[in-house]
Every structure is written in C-alpha cells, then in structure tokens.
Amino acid sequence: RVAICAGLAIIATTTGCSAAPDSRNSVQSAQVDSLFRSTIRPDAPGCAVGVYRSGEIVLARGYGVASIEDGRPLTSRSTFNLGSASKPFTALAALMLVERGQLALDDDVRRWVPELPDYGRPIRVFDLLQHTSGLRDFGTLEVLAGRDVTTQTQFLRLIASQRGLNFEPGTRHEYSHTDFGVLGLIIQRVVGVPFGQHMQQAVFAPLGMHASFVDDRSTNASRDRAFGHSVSLEGPSVEFPTSQTFGGDNVYASVEDLARFDRNFDRPLVGGEATIARMLSRPVLPSGDTIPYAYGLRLGVYRGLKTIWRRGHPPGTHAVFLRFPEQRFTVATLCNSDDLEAPRLAERVADIYLGAAMSPASKRAPAPTAVVLPPDALARYAGTYRPIDDPWDVWPIEVRQGVLGEVVFDDATDEVFYPMTPAGDGRFFEVGRTGVVGRFTFRPTASGGPLRLEMSWNDEPIGASERVTDAAIWRPSAVAIAEYAGFWSCPDLDAGWQLEARGAKLLLRRPGQVDLTLRPVARDQYLRGFG
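If you want my numbering, it's the 1-based position in the sequence shown plus 116.
These are computed hints drawn from the structure, not numbers from a lab.
Ideal placement from N, C-alpha and C gives every residue a C-beta, glycine not left out.
Treat the hints with caution; some may be incorrect.
[Stated by the list, open to error] Okay, the calculated beta carbon distance ranges per label pair: (1) Thr529 - Asp159: 34 to 42 Å; (2) Gln317 - Ala528: 39 to 47 Å; (3) Asp149 - Gln218: 18 to 26 Å; (4) Gln317 - Thr633: 47 to 55 Å.
[Stated by the list, open to error] Within a straight-line C-alpha distance of at most 16 Å, the following computed EDC-like cross-link-like pairs (lysine to aspartate or glutamate) qualify: (5) Lys422 - Glu463; (6) Lys422 - Glu442; (7) Lys621 - Glu531; (8) Lys621 - Asp608; (9) Lys422 - Asp467; (10) Lys621 - Glu599; (11) Lys621 - Asp530; (12) Lys621 - Asp631.
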C-alpha cells in the first residue's frame with residue numbers, strides 16, 4: 117500500500133498522498149490550504165509546499181501561477197531555482213568524491229584551480245565547505261564592479277583577479293558565495309564532465325529526482341519551470357533567469373523531488389550513512405568556536421525542536437527546506453515572488469503538524485494604535501543613528517513634511533523615505549508591504565547619554581542603535597568633497613568608479629544607471645548599502 121501511495125504522489129499535481137490517510141491529515145491539509153489561499157491569489161505568483169514524514173509525501177500542492185506571462189498554475193511538480201539551497205547538493209557531491217578517494221578535504225584548492233593566486237597559505241577544500249576560506253564574496257564583487265557575473269568563466273576570471281583575502285584561511289567563518297562556486301568547479305574538474313551532468317548522474321537520478329537539474333547550459337532545462345517575480349507598487353514582473361553559475365546556486369527542484377532528498381537523510385541511498393553523518397556535523401575553529409554551519413546546511417532550533425534547514429533567495433524567488441530530524445518531519449516551501457516569506461510560511465505549516473510537540477509560540481502583537489504628534493515633538497527623534505556594535509551602519513531619521521521617517525538606500529531611486537507612524541511615548545511603527553510590523557522605540561539613557569533606538573520586526577529583536585552627536589558626524593565641505601572627484605580604477609575588479617562632487621554630495625556615477633549618493637561616515641570613509 118505504501119508503494120502504491122508513493123507512486124500516486126508522483127503524478128499528483130495539486131494534492132498529496134500519505135501512507136495512512138486519516139481525518140487528522142484532512143484537517144491539517146485544510147489548514148495548509150487556508151494558510152496559502154489567504155495569502156496568494158489564484159492568478160498571482162505564489163508557492164508550492166511539500167510536507168514529508170520519514171521521506172514520504174504527506175502533502176504536495178501548488179498555489180498561484182508559475183509565470184504571470186502565461187498563467188501556468190504552480191503544482192507540486194513545478195521546479196524552482198533553489199538559490200543558496202543548492203549548496204547542500206554540492207556539499208553531498210563533494211563528500212561522495214571524498215568517500216571514493218577522488219578528492220581530499222585537505223587538498224590545496226590550487227591543485228584543482230591553479231588559476232587562483234598563491235595567497236601565502238593554502239586554502240583547503242574543507243575551507244570551501246565551511247566558509248573559512250577568506251575568499252571575497254563574489255556577490256559583493258559584482259556590486260563593486262557594477263556588472264553581473266552570469267557564467268562560471270566570468271566567475272573564475274573575477275575571483276582569480278583578487279590579490280588578497282578577507283582573512284587567513286581556516287581562522288574564521290564568514291559566509292561567501294565564492295566558496296561553493298569554486299567547489300563546483302573543483303567537482304567538475306575531478307569528474308571530467310560538466311557539473312550539471314555529474315549531478316544528474318551521481319545525485320538526482322539515483323535519488324529519483326527526475327525533474328531536477330542544474331541550469332549550467334549542460335543539461336536541458338525543465339519546461340515546468342517557475343519563474344521568479346519582483347513586486348513593486350505597479351504589480352509583479354517576471355525575473356527571467358540570466359545566470360548559469362553553479363556550485364552555490366541554480367539547482368532547480370520541485371517539492372515532489374525534494375521528498376526524495378529528504379528521505380536520503382534517514383535512509384541514505386546516495387552518499388551512505390558515514391557521509392550523511394559528516395554532512396550534519398559542525399566543525400570547530402582553532403579558536404575553539406563551533407562554526408554555526410554544517411556542510412551546506414544550518415542547524416538550529418524552532419519552538420524547542422531541533423532543525424536542519426537551508427534557504428535560498430535567487431532573484432524573485434524564496435526557497436526553504438526545514439527539517440525536524442527527531443520527528444522525521446520536513447516542510448519545503450518554494451515561492452516565486454519576492455514579497456512572499458517562504459521561511460515564515462514553512463514555520464506556519466510546521467506549527468499545524470507539530471504544534472502539540474512544540475514549546476508555546478509567542479503571539480505576534482498587533483500594530484499599535486496611531487496617535488498624532490506635532491512637528492516639534494517629532495523633531496526630537498530626528499538625527500543620525502548607528503548600531504552600537506556596527507560603526508559602519510549609519511542612517512538618518514528625518515522629519516519630512518511633518519512626518520518622521522527613516523531614509524534608506526535604494527539602488528533604483530537612490531533613496532527611499534519610509535514614514536514611521538507615531539504611537540506615543542517614544543514609540544513608532546511601520547507596516548510593511550507583506551504585513552510585517554516594524555516597531556521603533558526611542559528611549560533616553562539614564563546617564564543622559566545619546567538617545568537610544570530599539571528596533572524589531574514582527575517582535576523579533578534586531579538590536580539597538582544610538583543617535584550620533586553632531587560633533588561626531590563628519591560633514592565635509594564642498595572643497596573637501598571635491599578631493600574625491602574623478603575616475604578611480606581597481607585592478608582586482610577590472611572596473612572603475614566615476615565619482616562626482618555635486619554641491620554637498622559625493623555621487624557614484626555609472627553609465628545607464630541611477631546616480632547613487634555616498635553617505636559620509638568619517639574623514640575618507642563613505643557608506644553605500646547596509647554595514
């Protein structure tokens with residue numbers, strides 16, 4: 117009966133199947149339907165959700181459309197770009213090569229990728245898997261260079277041109293998309309066939325993930341692909357894929373296929389028990405600190421239950437794989453709209469099925485009641501604020517047209533003013549586009565020091581900031597700003613920046629793009645972005 121039911125789950129498009137259907141499962145399925153249908157319109161981009169027990173599908177459904185261009189419905193078979201949730205597959209493939217003796221964790225990366233510079237101390241394969249390499253994040257390098265990296269050839273050229281590291285290999289854990297891109301290249305060179313082809317032969321096919329593929333131009337892309345969507349005030353627009361980099365992203369899978377991947381943790385068909393056990397371990401740095409990262413996976417706790425999880429966020433898409441190992445229960449939520457919070461939705465699904473075994477959930481407080489404050493009362497909160505533990509992340513809070521708000525960088529418009537609604541007693545709030553509530557509480561310090569700002573979103577603590585005194589803020593004159601104007605080149609990026617002094621502002625100018633204001637932090641130091 118179990119085998120027949122699993123077969124039926126493979127051909128289902130909007131409903132799942134369990135080995136022993138009962139009234140409880142029907143109630144839980146109805147609750148999942150209610151959760152997603154209350155959030156997603158049938159003609160809008162949406163989500164596919166998979167629920168698994170011991171690797172068997174309990175529920176697999178789609179809500180919304182795969183693309184607003186053609187209106188194809190999302191189903192349990194629709195494939196999504198997993199983004200960084202691709203990394204566990206690459207880690208598994210690498211550890212399988214280690215198990216076979218074709219690769220060693222202590223191998224110098226330059227043995228396989230001699231194009232990389234000699235940094236004075238070898239980077240090991242192990243460092244790539246644990247993000248302890250010191251290699252600069254190529255996503256950051258893309259931003260600094262002002263151009264996208266869309267192929268592995270471009271990726272390697274950019275990384276090979278970096279003459280320095282962020283830190284000495286093996287001494288620190290710092291997440292870098294570069295690490296798994298290099299690891300994917302190593303796997304390809306070890307096996308001697310394109311990375312996507314090897315993943316198909318060594319991982320996807322043996323697991324029965326027949327709809328899964330790597331979009332690296334070496335394999336045929338699935339026709340049932342869900343395209344990402346970005347959402348603005350004008351509505352959603354399709355984010356057509358342009359990147360074929362591999363190793364750290366561009367694995368496409370459906371919620372049906374992810375059930376087979378989930379099953380492999382309990383009944384290792386690919387990799388074996390020793391490899392899976394290693395994949396779930398957390399190494400220790402020389403300092404004695406345990407890395408908060410397993411091999412492409414993250415280990416955590418949700419409402420008192422241990423979790424193994426991974427999320428990804430490629431353009432216009434959110435993907436999350438949330439596993440509760442002690443309960444042998446997993447939720448995969450794949451959403452093709454950047455305003456849908458896949459991790460939060462996955463947690464809500466887990467609440468439906470495992471709520472009785474979880475510690476009590478903290479209730480989300482409703483948005484405060486708005487009050488009216490005069491401009492002079494608002495002005496007392498205006499100023500430049502800086503997180504206590506991060507001197508680089510400064511941002512202004514201003515009063516504009518009688519409204520207090522935060523001024524946030526935006527690459528499309530240079531900056532955006534987000535109004536904050538007063539609630540009295542130094543409290544303000546924002547309600548975001550997706551319904552999340554941001555709370556801002558201004559508190560005077562007992563010692564008469566700078567005003568303190570405490571922030572949280574959906575009642576999750578984020579941290580505290582302090583207002584910077586006027587004397588500590590560098591306000592360069594027009595003459596001082598003019599010193600930075602001109603063309604600046606960077607050999608490591610094969611790129612240059614055109615800086616222009618415009619009155620009291622220093623602007624970054626790029627052909628065909630919006631001029632971006634650089635925010636002064638201290639003499640010779642400017643900020644663009646967060647942190």
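- When you take the CB atoms of Gln317 and Thr633, is the distance between them in 47 to 55 Å? holds (51 Å)
- Query: Do the alpha carbons of Lys621 and Glu599 lie within 16 Å of each other, as the hint requires?
  - Reply: holds (12 Å)
- Query: Does the alpha-carbon distance linking Lys621 and Asp631 stay inside the 16 Å limit?
  - Reply: The hint holds at about 11 Å.
- With respect to the beta-carbon atoms only, verify the hint that Asp149 and Gln218 lie 18 to 26 Å apart. Violated: the Cβ-Cβ distance is about 47 Å, outside 18 to 26 Å.
- Would you mind confirming whether the straight-line C-alpha gap from Lys422 to Glu463 stays at or under 16 Å? holds (13 Å)
- Assess, step by step, whether the Cα of Lys621 is no farther than 16 Å from the Cα of Asp608, and give holds or violated. Roughly 27 Å between the alpha carbons, so the hint for Lys621 and Asp608 is violated.
- Quick one, are Lys621 and Asp530 close enough, alpha carbons at most 16 Å? holds (12 Å)
- Quickly compare the C-alpha distance for Lys422 and Asp467 to 16 Å and report which way the hint goes. Distance ~14 Å between Lys422 and Asp467 Cα, so the pair holds.
- Do the Cβ positions of Thr529 and Asp159 conform to the proposed distance bound of 34 to 42 Å? Check failed, 29 Å falls outside 34 to 42 Å.
- Task: Note whether the CB distance of Gln317 and Ala528 lies within 39 to 47 Å or breaks it.
- Result: holds (42 Å)
- Item | Proposed proximity, Glu531 with Lys621 (alpha carbon, max 16 Å) | Cα-Cα ~13 Å, so holds.
- Task: For the pair we were handed, Lys422 and Glu442, check the Cα-Cα distance against 16 Å.
- Result: Status holds; Cα separation ~7 Å.
Hint compliance for this structure: hints 1, 3 and 8 are broken, all remaining hints hold.
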